[in-house]
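Protein chains in written order, with the numbering used here: chain H, 1 to 370; chain D, 371 to 740; chain S, 741 to 1139; chain V, 1140 to 1538.
No wet-lab data here; the hints were simulated from the structure. Every residue gets a Cβ at the ideal spot worked out from N, C-alpha and C, and that includes glycine. Hints may be right or wrong, so weigh each one.
Unchecked claim - A few chain S residues facing chain H, derived, Cβ under 7 Å:
#, residue
1, LEU803
2, GLN938
3, GLY1074
4, SER1077
5, GLY1081
6, GLN1108
What the hints assert, rightly or not - Straight line, CA to CA, 20 Å or less: simulated SDA-like cross-link-like pairs of lysine to any residue:
#, chain 1, residue 1, chain 2, residue 2
7, D, LYS626, S, PRO1122
8, S, LYS1028, D, VAL675
9, S, LYS1039, D, ALA380
10, V, LYS1522, H, ASP277
11, S, LYS927, S, PHE843
12, S, LYS783, S, LEU803
13, V, LYS1522, S, ARG1137
14, V, LYS1438, H, ALA10
15, S, LYS1123, D, ASP619
What the hints assert, rightly or not - Reference listing, derived: stretches of chain V covered by chain H, where coverage requires no fewer than 3 residues with Cβ under 8 Å from a Cβ of chain H:
#, region
16, 1405-1416
17, 1514-1525
Given next are the chains, with one letter for each unit.
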Amino acid sequence: MATFTQEDRASLADGLRRLLGDFGTEADVRRTMETPDGYDSDLWRRLAEMGIVGLTIDEIFGGGGAGPVELERVMEETGAALLCGPLLSSGVLAAGLLQALHDEDAATRLLPSIADGKRVATAALTGDAGGWTPETVTVDAAETAGAWSLSGVASFVTHGQIADTLLVAARARGTIALFEVDPTADGVSVTPLPTFDRTLRLARITFSRTGARVLAGGAPAWDVVERALDMTRVALAGEQAGGARRVLDMTVDYAKARVQFGRPIGSFQAIKHMAADLLLETESATSAARHAAQALADGASDAGVAISLAAFTCADAFSAVAAASIQMHGGIAFTWAHPAHLYLRRARADAQLFGAPAFYRERYLRQLGA
Amino acid sequence: MATFTQEDRASLADGLRRLLGDFGTEADVRRTMETPDGYDSDLWRRLAEMGIVGLTIDEIFGGGGAGPVELERVMEETGAALLCGPLLSSGVLAAGLLQALHDEDAATRLLPSIADGKRVATAALTGDAGGWTPETVTVDAAETAGAWSLSGVASFVTHGQIADTLLVAARARGTIALFEVDPTADGVSVTPLPTFDRTLRLARITFSRTGARVLAGGAPAWDVVERALDMTRVALAGEQAGGARRVLDMTVDYAKARVQFGRPIGSFQAIKHMAADLLLETESATSAARHAAQALADGASDAGVAISLAAFTCADAFSAVAAASIQMHGGIAFTWAHPAHLYLRRARADAQLFGAPAFYRERYLRQLGA
Amino acid sequence: MSQADDDLREEVRTWLAANWESDQKGRSPAGPPAGAATPWLTKVVEARWAVPRWPREWYGRALTDAQARIVELEFAAAGAPGSGQDRANLWANTALAHGTQSFKARIVPALLKGEVGMCLLYSEPGAGSDLAGVRTRAERHGDQFVINGQKVWTSMAADADYGMLIARTDWDAPKHKGLSFFFLPMKQPGVEVRPLRQITDEAHFNEVFLTDAIAPAENLLGPLGGGWGVLLTALAYERSVMGEGARGPRSGSPGPSGETNLIALAREAGRLNDPAMRQDIAQVTAYKMLNRLNTARGKADLAQGASSPIMSLGKLAMSRILHEEARVRTELLGAQSLLEGPNHPRAEDANFLSLNAYFTSIGGGTDQIQRTIIGERMLGLPKEPEVDRDIPFRQVRGV
Amino acid sequence: MSQADDDLREEVRTWLAANWESDQKGRSPAGPPAGAATPWLTKVVEARWAVPRWPREWYGRALTDAQARIVELEFAAAGAPGSGQDRANLWANTALAHGTQSFKARIVPALLKGEVGMCLLYSEPGAGSDLAGVRTRAERHGDQFVINGQKVWTSMAADADYGMLIARTDWDAPKHKGLSFFFLPMKQPGVEVRPLRQITDEAHFNEVFLTDAIAPAENLLGPLGGGWGVLLTALAYERSVMGEGARGPRSGSPGPSGETNLIALAREAGRLNDPAMRQDIAQVTAYKMLNRLNTARGKADLAQGASSPIMSLGKLAMSRILHEEARVRTELLGAQSLLEGPNHPRAEDANFLSLNAYFTSIGGGTDQIQRTIIGERMLGLPKEPEVDRDIPFRQVRGV
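Could you put together the complete structure from these sequences and hints?
Structure below.
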């Protein structure tokens, strides 16, 4: 794994911020979120060239060999810019599964094209109930003469409708194993789900005796899923912290510029004190996300605790800041043309994507031994 | 039962407010709360003469024959003044038990002296766990040759250390029955409990083969207890609503008078907006308490729902207003000499006396059929 | 009950029995919507039942409030609309109170009969919380005013015949003293109405661009420069109507969420046994009940002539109810709340509510403005220093 | 690591090895408490380890901050107190920065050696949030100042030899410009110390009544009328020390509640399986962890020279932590929280915390004042109009 200095991380973040400043503006986001695929292939290529898409993929597979710490910093930038696209699905979650699995063949076949952005992969890990726990998997795998096939339903599959490769968790021989599925194969039906966050893409996928390639020889794989999910949770926490900070900055700037009663509204305690409270939430979210990233990078024994803490702290902070921002802006933020609601929609989506804050608070307490 | 017009109720409240203005001032409260008995026998006599102590006792027993609506209004005044004394224990809870019971003899013997204030009665309904449910009763009754005796523990007995008569809930023949006990009888040991709210008196009472007089022939009595508790909950809600309003008034007056930065602090939005939110809590508490009183008076089918709503709404409102009041006053309210903490102590006590807000929220939902 | 009251009740009953067939169109409490004109409304007006409190020369009967309530009760009992407009018809009351004789003679009957559609031209992009800071300019040229500026958050603008307009006629006077109030004809070239897309992806409101729009001088309500006073009475009417639970044009709507309650949703979502959720469900359900109890008590106090601070708390309370309900609905739905659209009505409810709640917490005065009003008017707390109050408006910062 | 650093570390180690026996008394970060004078402290001062950043003429070594940290680390490793006073000794730093040569020569060594007890004479009954509004009067008579007024919230006043006093010397100057800063001798007839009973029924603080109290002219720190500037630097020292987790004299203490955590209490109370309580316990536990993470990140930023807004958030965060913990403890205890006293330690914890939390949310600047400071200094939001800023203090309302 490559080593990154503080300066490396800073310049990585700066470069990404400039790129998004050029090609990931609010106008770009609004244009992209109305497209069926929900991402800008041109920007996606640039992100791949910059090494963002394959950031955490091993260098031997053409990735950047970076870890959670670098990933978290990068996601703060993409979260701030409301980046549309399968970065989390393909570059983080799917790549994370393939790197956690012991399946040299699959890694060699898939990771290079994921790293260079030419292949979009995603993971199907839960059913219609959501939940991202083994119990919620509703796909069954059957083997006949060494050939595997899948039947059942997976839902809330991020960017499932644009994926070239699906990594599917399915019940096999009384455990959960992982399978590789070509979405164009027979018996696969991919239905896009309408999302409240229009910058997101979700799909429901049904399998009916669909041919699938078993990964890691069908070894029990939920621990692998958890490891990939931990990397994803850290990334999501970074996205939420970055989103919260951008919304707070936007709101504070507006409070300085907007004049009512002959004064900038930011000079009124009602606004000023809300902003101070939001700063506390935002700083706490940043601390939690970065701490979780570092703990995961260090393989610390309490990394799980740190990740749960970041999961609910960052989700609640982004939601609270995005919600308060609309109130603080007033009428203008009630218009579609203002970006505030785009952040609120993203915040509400991020807070549910891989488990809700209450779920993670409960998990946090259990991890603390209570 | 006597009928009261709006005017009757108003003049009753006005008279009580004047009486407490003369003999129930903050100085009186501070003096009284430091006495062992925790009440001012002189003021108690005046309250009895005014008909407050026996307000809800039938006229045939020398009471005022009033109902929950009048009681709630009266308690708003006593709550505002932080009245110290056994009004709730003797005049409401114990009297309520005796009126709900079908025991003519006990009623005739006890109610007149309770009404004129010469006898202080109270009820022992729960054990060391608190809870005020049948399961929490930890006193057992045994009958030998028609003579009953009690053994066990009752705790959180309000004003138990000054009571002339104890009405005790005990397990008898597999049900809960009520018994009358003379606290000076053999085998009774009354231990005062130190209370955070120094205007309150609580005792823990142990019984060891204590002779007791069975009431209503030992008939199952928990429904009687619930009826008396409903009256008590309404009274307590009134006390809380009245306390909240007095604290809010105090705080608003201070915010108008206290000058910092060359302005009354009430002109700052931080204080002004807190006060506005507290007004909403206070008005809601008043509405809930009066609605519960009316529903109970009307014997409405949803009286139970209204009483649960009042129980947690008024408890939370009084606690919130008393707590915010200290913050809004600033340093001066951090001193013992300032009354704010007396109200916070009372608010915290009232919120636990017959069940905590969370308990009543759960009960409310169940009563709504959920 | 006096004999006169009984006679009155009898008279209304008889008249309704003779004239009302219950298949007729209703009215909105803020006045008949545009095109709501019906033979029935005309009948009610001509029979002097529309505005019984008003003087006889204005279609009324000069009844006391108590008597007028009798008339309204009888109309309500019969399900017949059109009475009580002397309380509830914002437009007609404003016109009657402040219009010139000739203007009133023309507009008031039309308003009572629902023959003209109306809208409000108050808020501006630069004047939201600070309504007295409007910068729409009205200049007198001969017997008419020429108006230039932009208004926003105007509902029903497309159908409206007139807009009640607050505009600045004197830039050298302090902000509150340079305003004038007009009935602006909407159907003219100088008035452009553009629908405004909301965060809910609906468009219930409009931006209204005024470019050399014309208002005849007689459409000026109240004195020149006295517009703020007229506006305050108009807003008071609006609030009184809103206070009665009817939703004025600038108040919010709970939307789909009204359809099912939280308990039903929790049961449906299989979360009704979750003790943590039960606490939240109980609290939000309680907030709603408390708001109803507060309103009822406030009305009772008012009926007894006692002033009541409660009414003005309703909007603040409703704002909390809506935001909290959105939060609890979202928590009950979990991952389902990621979705929207007709196939996911519960998610649609929760998501819509999470956005539309701002309609109440921002529209018609933000929660923050409401708290200031409550603190100052209800609790008597002192005002903040007002830096823009006594200086010529053109010198105010940001102008 | 440079050679110089290694040499320095070696020197400290050698010296400590030769001089430190670990059975000695500790110091509070805000400076040695009164009567904490020990041979050890004297030794540290004379060996120039107490204030290594200071110039040589003031017991220092003119070391860089990085070098001084090396010294402090070695002292910490040995568990030896007395170093780092150039960062943490509020009193000595203030005196050195603003005292006259002769005064400093006398007081600074005594402060470093803990030979004099100190207290703060800042707040007044009429000047709490508005510290610049103090009305204690200091009038010059020849070579001394005569001081009259009342101070409050002074801890350690009974034992103190000097109080750092802010008083008004010019009533015609604007509020911030008429203040002066003194080292007031406390042991004199004109100074009366009265313990102040708190809502917690403790008395950690005092009221201090000043009646013709005398301060020699040379005890004036900074220029006459320049007291506000001196106060600000003193408060900055205090905050920096508090920011490091040490509790300055005006910061709160969690009290008994620190002894057991919420999880242990919940288990003890048999409520650990209540899902609703678990959510609350998790959140409060998280708030505490987040505050530690924020502080650590803020320190790291500062170490890298980057300015960090985080430090000043700590007090606001702590206030929420304490109030929320009191709430959750109370809910866990239920009826038990009605009680107090030694036989009910858990109730004592919850009830004490429910009151003492105000120490942090009010003391040393209320949460409301903190939010204003954070909004203006950290987020750059504009100030409110200040009605009392540029007028003679005697004309300020309420004076």
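A quick look at each hint next to the structure:
With a least beta-carbon distance of about 40 Å to chain H, the hint placing LEU803(S) at the interface is violated under the 7 Å criterion. Against a cut-off of 7 Å between C-beta atoms, the interface hint on GLN938(S) holds, since the closest Cβ of chain H lies about 6 Å away. With a least beta-carbon distance of about 6 Å to chain H, the hint placing GLY1074(S) at the interface is held under the 7 Å criterion. About 6 Å separates the beta-carbon of SER1077(S) from the nearest beta-carbon of chain H, less than 7 Å, and the hint is met.
The criterion of a C-beta within 7 Å of any C-beta in chain H is met by GLY1081(S), whose closest approach is roughly 4 Å, and the hint holds. Taking 7 Å as the C-beta cut-off, the interface hint given for GLN1108(S) holds, the closest approach to chain H being about 4 Å. Restraint check: the Cα-Cα separation between LYS626(D) and PRO1122(S) comes to about 7 Å, which is no more than 20 Å; the hinted pair holds. The hinted pair formed by LYS1028(S) and VAL675(D) meets the criterion: a straight-line CA distance of about 14 Å does not exceed 20 Å.
Between LYS1039(S) and ALA380(D) the alpha-carbon distance is near 18 Å, which keeps this suggested pair within the 20 Å criterion. Pair hint LYS1522(V) plus ASP277(H) holds up; C-alpha atoms about 17 Å apart against a cutoff of 20 Å. Proximity of LYS927(S) to PHE843(S) is assessed by CA-CA distance (about 18 Å); at most 20 Å being required, the pair is judged to hold. Restraint check: the Cα-Cα separation between LYS783(S) and LEU803(S) comes to about 19 Å, which is no more than 20 Å; the hinted pair holds.
Distance hint between LYS1522(V) and ARG1137(S) is fulfilled; the C-alpha atoms sit about 15 Å from each other, no more than 20 Å. For the hint linking LYS1438(V) to ALA10(H), the alpha-carbon distance of about 19 Å falls within 20 Å, and the restraint holds. For the proposed pair LYS1123(S) and ASP619(D), the alpha carbon gap of about 18 Å is at most 20 Å, so the pair holds. Beta-carbon proximity to chain H at under 8 Å applies to 4 residues in the region 1405-1416 of chain V; the threshold of 3 is reached and the given coverage holds.
Coverage of a stretch by a chain is defined here by at least three residues with a beta carbon nearer than 8 Å to that chain's beta carbons; for the region 1514-1525 of chain V and chain H the count is 10, and the condition holds.
Checked against the numbered hints given earlier, the structure breaks only hint 1 and satisfies all the rest.
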